[in-house]
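Numbering (my numbering), first residue to last: 80 to 364.
Treat the hints with care, as some may be off.
As the list claims (entries may be wrong) - Each computed EDC-like pair below joins lysine to aspartate or glutamate, with the alpha-carbon atoms no more than 16 Å apart:
no.: 1; residue 1: K210; residue 2: E320
no.: 2; residue 1: K216; residue 2: E188
no.: 3; residue 1: K210; residue 2: E265
no.: 4; residue 1: K143; residue 2: D116
no.: 5; residue 1: K85; residue 2: D107
No wet-lab data here; the hints were simulated from the structure.
Please read these numbers as outputs of a predicted model, since none were measured by experiment.
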Amino acid sequence: MSQKAKKMGFHVTILDPTYNCPAAQVSDKHIMGGFHDKEKLEQLVQETDVTTFELEHVDTSILKEMYDHGHRIHPSPYVIELIQNKYEQKKLLDEHGVPVPAYKSVESEEDLASFGFPVIQKSKREGYDGKGVMMLKSADDLGNAIQAESFMEELVDIDKELATIVARNIQGEIKCYPVVEMLFDERVNICDSVMAPARISQEIEAKALEISRKSIEVLEGVGIFAVELFLTKEGELLVNEIAPRPHNSGHYTIEACATSQFEQIIRAVTNLPLGSTKLISPAVM
Numbered sequence: 080m081s082q083k084a085k086k087m088g089f090h091v092t093i094l095d096p097t098y099n100c101p102a103a104q105v106s107d108k109h110i111m112g113g114f115h116d117k118e119k120l121e122q123l124v125q126e127t128d129v130t131t132f133e134l135e136h137v138d139t140s141i142l143k144e145m146y147d148h149g150h151r152i153h154p155s156p157y158v159i160e161l162i163q164n165k166y167e168q169k170k171l172l173d174e175h176g177v178p179v180p181a182y183k184s185v186e187s188e189e190d191l192a193s194f195g196f197p198v199i200q201k202s203k204r205e206g207y208d209g210k211g212v213m214m215l216k217s218a219d220d221l222g223n224a225i226q227a228e229s230f231m232e233e234l235v236d237i238d239k240e241l242a243t244i245v246a247r248n249i250q251g252e253i254k255c256y257p258v259v260e261m262l263f264d265e266r267v268n269i270c271d272s273v274m275a276p277a278r279i280s281q282e283i284e285a286k287a288l289e290i291s292r293k294s295i296e297v298l299e300g301v302g303i304f305a306v307e308l309f310l311t312k313e314g315e316l317l318v319n320e321i322a323p324r325p326h327n328s329g330h331y332t333i334e335a336c337a338t339s340q341f342e343q344i345i346r347a348v349t350n351l352p353l354g355s356t357k358l359i360s361p362a363v364m
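Taking the hints into account, I'd like the entire structure generated from these sequences.
Okay, structure coming up:
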């Protein structure tokens, strides 16, 4: 992101806790500090005209104050805060007619048992790359249940896991990248490779793009978003979750698309016209 911003003529300041981190080597200024350091976050926003993110695990409290006082922060800290809570994220999408797996907040052990087995338990916060996800096959597994705030989700009979990168700028212009297929290492539940385009029908592709676009319209987010979807064996599409940043499912865009996701986020948050999302060549990453 820093490299693209520099090539586009922007002065780049980053916040990162690591001395001489990769982004610092290609940026104009490096503020050393953590993503929950309110003082450093405030400094970053004060010293920049536009602030954006490469990860969502940040302290939003000071960011909300500054956003409310007119600082340009995209996606807004309110969108980031919503996405940080996977349950609230799912609830908002559901309330606006976006298809999601059946879900229920866990308030007690009885709630877990009442949903039936097998069931997927997910942490409401801090979950990523398989972290904070537990399959409970029977009541015997309740002793291994996640103890943090969580919710239950139906066990979906998945045919494929799909994703699309969606860009939205300040004026509300939206562009979607091609739907890709994510292949997972089942041992650790981490995305192992991405195929662009996905091996799906044109009908499924069109529906996935429609759902992804609607999801970002519901959020009213500005920036780059990865919308991850389940394609069930019955042909149903369900939104799994949304990431409000450049995503590993979109790294293929660097070489394979007319505009990379990293250039696109800079365009979106600075309200430049969005670039073409055309797939120049099929790709595997």
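Cross-check of the supplied hints:
Taking the CA atoms of K210 and E320, the gap is about 14 Å. The hint holds against a cut of 16 Å. Of the supplied pair hints, the one linking K216 and E188 holds, its CA atoms being roughly 15 Å apart against a limit of 16 Å. Under the criterion of a C-alpha separation no larger than 16 Å, the hint pairing K210 with E265 is consistent with the structure, at around 13 Å. Restraint check for K143 and D116: the C-alpha separation of about 14 Å stays at or below 16 Å, so the hint holds.
With a C-alpha separation of about 9 Å, the suggested pair K85 and D107 falls inside the 16 Å cut-off, and the hint holds.
The structure meets every hint from the earlier list without exception.
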